[in-house]
Amino acid sequence: MEKKETQTQAVEQVETAAPLSLSNFDHAQRVAKALSSSDLIPQSYRGNIPNTLVALEIAQRIGASPLMVMQNLHVIHGRPSWSSSFIIAALNSCGRFSALKFISDGKSCKAVATELATGELIEGPTVTLEMAASEGWATKAGSKWKTMPDLMLRYRAAAFFGRLYAPEILMGLQTQEEARDIAPEGPKTSEGLNSALSAD
Amino acid sequence: MLNELSNLEYHKDTSHISKSGLDLIEKSPAHYFYKYLSGEYQEKSSKALEIGSAVHCAVLEPERFALEYCAFPDVDRRTKEGKETLAAFYLEHPDKIYLNAEDFTQCLKVAEAVKANPLAAKLLAQGEAETTISWQDSQTGVNCKARPDFVTYVNGSRYIVDLKTTEDASKHGFSRSAFKYRYHVQAAFYCDGWKACKGEEVEGFVFIAVEKSAPYLVSLYLYENQELSYGRSCYLANLLTYAHCLESNTWPGYSDKVEALLLPEYITKTL
Numbered sequence: 001m002e003k004k005e006t007q008t009q010a011v012e013q014v015e016t017a018a019p020l021s022l023s024n025f026d027h028a029q030r031v032a033k034a035l036s037s038s039d040l041i042p043q044s045y046r047g048n049i050p051n052t053l054v055a056l057e058i059a060q061r062i063g064a065s066p067l068m069v070m071q072n073l074h075v076i077h078g079r080p081s082w083s084s085s086f087i088i089a090a091l092n093s094c095g096r097f098s099a100l101k102f103i104s105d106g107k108s109c110k111a112v113a114t115e116l117a118t119g120e121l122i123e124g125p126t127v128t129l130e131m132a133a134s135e136g137w138a139t140k141a142g143s144k145w146k147t148m149p150d151l152m153l154r155y156r157a158a159a160f161f162g163r164l165y166a167p168e169i170l171m172g173l174q175t176q177e178e179a180r181d182i183a184p185e186g187p188k189t190s191e192g193l194n195s196a197l198s199a200d
Numbered sequence: 001m002l003n004e005l006s007n008l009e010y011h012k013d014t015s016h017i018s019k020s021g022l023d024l025i026e027k028s029p030a031h032y033f034y035k036y037l038s039g040e041y042q043e044k045s046s047k048a049l050e051i052g053s054a055v056h057c058a059v060l061e062p063e064r065f066a067l068e069y070c071a072f073p074d075v076d077r078r079t080k081e082g083k084e085t086l087a088a089f090y091l092e093h094p095d096k097i098y099l100n101a102e103d104f105t106q107c108l109k110v111a112e113a114v115k116a117n118p119l120a121a122k123l124l125a126q127g128e129a130e131t132t133i134s135w136q137d138s139q140t141g142v143n144c145k146a147r148p149d150f151v152t153y154v155n156g157s158r159y160i161v162d163l164k165t166t167e168d169a170s171k172h173g174f175s176r177s178a179f180k181y182r183y184h185v186q187a188a189f190y191c192d193g194w195k196a197c198k199g200e201e202v203e204g205f206v207f208i209a210v211e212k213s214a215p216y217l218v219s220l221y222l223y224e225n226q227e228l229s230y231g232r233s234c235y236l237a238n239l240l241t242y243a244h245c246l247e248s249n250t251w252p253g254y255s256d257k258v259e260a261l262l263l264p265e266y267i268t269k270t271l
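For the record, the sequence lines run as chains G and F.
Residue 1 is where the first sequence starts when you use our numbering, and the numbers rise one by one after that.
Residue 1 is where the second sequence starts when you use our numbering, and the numbers rise one by one after that.
Here chain F stands alone, though its shape is the one from the complex (with noise of 0.2 Å):
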């Protein structure tokens, strides 16, 4: 089942695509190929992906996040005294996450700044966390699958909610950031989803945007309708390319001709 996977198979798992798989689509199928199917990609850690999951936890698993993780000692490990309260560290906490002192107190703050903010407490307060869903997309049939952070109810109607970490959670900042992750593909993705797997209807998906430095503002947002139906017609191009490369296994990526290069669409509207 996709639900007992962990978070690292849970990505590796192809037999299913995720809104990240879709991204990659949507830049071409190459890059999806290459990622998921040609056994040559190899996960790079890195920091920031790891710091983004321990933010995750640390805001909507607060238990987790103090089982699981601690602050790496800030010691300098050439002298003699580093070096031992170092060891002692690792033989106190033998199977935890490391941060370091600074990405620690981070993923604090962020927690306490969510916690903060009356809106976003009352959303988290009681629901479920990670929960894996996976169904068939009843148009295209493709198996599709996602991870919502979080699911609750409010006033009897079901959300699902996301926490992002952003530079700018301003509502200008943040849609234009929203927009190049393609957030809006992924709350329709999502609220469909939830409805197609559990047969349940999603009021809205809200963001919980969350910025990552002091003082650590704090904003929610939920695209309307208009959006969603936008979002849902990007996710369902999507399929139907995937669909199309999976079923005859060609996964072309950009032109094969030479391209007429153009200035960028703001340009060219003041022109």
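Here chain G stands alone, though its shape is the one from the complex (with noise of 0.2 Å):
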């Protein structure tokens, strides 16, 4: 009982404090040691002190609540990324731009959406099928470009917005589909290398 209420204070100091702040360095960390042995968020902070201090950072970034960065960042191969659905509602409500639309036909997709301030009809880079095959994201094992490539499509026809028109959202960072599609081959094993020494 005594552990719950701590993790729920420690929940709500990240919650209001800024936990990355200098001043609050050696406090930063005692807040994200207390989160990452919450039950409360997801399964690859737990236990994650690194992690979750990388989480707190840019939810402090980009004044989002903590637990919410940590719902919708991913750790793909050791890179946080966001979830593309994340990417979408923060250009939705960004203030800067109409909804998104997609225009797709089935083999390639564009986000568009409408600038506020100009009205003017802002247009994303067209992403094909085509790219999907010969970027080689279709290829990787448990690819979701076979079995939803519409919807992938618009996934990366958002971050390809995200990314042009208002990158301080994405803050550098890749969608969690990108960082799966462009992550290398295969697995780096001991066992790799030594097939690879008696190869050579």
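Because the hints were derived from the structure by calculation, they are not lab data.
Hints are all accurate, no fakes.
Cβ-Cβ distance ranges computed for the label pairs, FRET-style:
1) G/Ser134 <-> F/Ser138: 21 to 31 Å
2) G/Ala199 <-> F/Ser248: 44 to 54 Å
3) G/Thr126 <-> F/Gly173: 51 to 61 Å
4) F/Tyr41 <-> G/Arg61: 26 to 36 Å
5) F/Ala260 <-> G/Ala89: 33 to 43 Å
6) F/Gly199 <-> G/Met171: 16 to 26 Å
7) F/Ser38 <-> G/Met171: 24 to 34 Å
8) G/Val112 <-> F/Asp23: 40 to 50 Å
The list that follows gives simulated cross-link-like pairs (lysine-lysine, DSBU-like), each with its CA atoms no further than 35 Å apart:
9) F/Lys212 <-> F/Lys12
10) G/Lys107 <-> F/Lys195
11) F/Lys35 <-> G/Lys33
None of the values given here were measured: they were computed from a predicted structure.
Backbone N, C-alpha and C fix where the C-beta goes; we use that ideal spot for every residue, glycine too.
Each chain sits in its own coordinate frame; assemble them with the hints.
In structure tokens, the structure reads:
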């Protein structure tokens, strides 16, 4: 019971404090430690203080709640990456654009929105299935490009739109789908090196 | 260019952060500030560091080792004969780095042991030693640098090879010292750095662990994906802290409050 209370207090503290401000440097580490032992946070942050610190820092930078960031910031191959739906929601609610719309013919897709300040229609780069094939995104094991190409086209079109017109929202991070698509082929294993050395 | 810097100049450069810098940030930003920015830190010539450089040179660049290093003669400097031998020695080897006979032998023994290991020999047969790389980390904007010991190709894939001399190169022993010295952070930092600087994928980061006493056993290790991912999270956390400190020019130390002193975790786990 006491542990639960401590975890809740830690969550409340980071909701209100600027966790990584320097006056709070040591505090931030302790908050990350407490938070990472909480059952309320996603699995990839549990017991992982470095990941939790990164999420706290990003939450502070974009002015979002650390818990929301942790729900939407996935650690793929050790890199923080946003869920695509979070990017779309963030673009829709940032106040600079109308809600994102997708123009798709099943083989290609682009995200469009109206810039509210100027009334100008803004178009993101077109993403195509051909691009997914030639970039090697569609050939990864378990790739969603094979099973849900429509959704993947929209997700990638939103990521491209965001990166071009609202990079401050993406903060240079990829979406989790991008992180999976560009992950190096095959696991780095000692077995892999052993067979490479015997083949060389 | 960083690439043209000598070893000493490379370590003195503060416009880019290295893995050693990240280790200090991990300890506390105040430690980083003291060593790299305060101007108060005096580099002490440490015997361990000197021998470390010599061993690296003997293993990775044997031709350079033969040219630059030599063993100091074992003489009694108080005798006339000893003084004469020394004077002749200095005349014969004016610009060399002198190691005492024991350390010189150790370097050669370590180099021999690595060369005799078929896997290590294969890895070191062809490649580039001590290439300096620099890059800007895409997520924090921090300028970074690294100097991989050796970069090689195996069956068409690129590997970074790092030589570590150690008291214990066994799987269990090396795993402990590797974690203590944060080699997982080094592996991830170097692999990502190479990709960012050269645009080329690195397949893996291999450690050649060699014991520094007889029988000079050698063992090779490689961190797999999970460990590399953890190392990546660790260095990213350090870079974020460093970026904050740089931005505000504030370099905090430990807690400014009285802290509860806890028992080590391996004890509390058993309670």
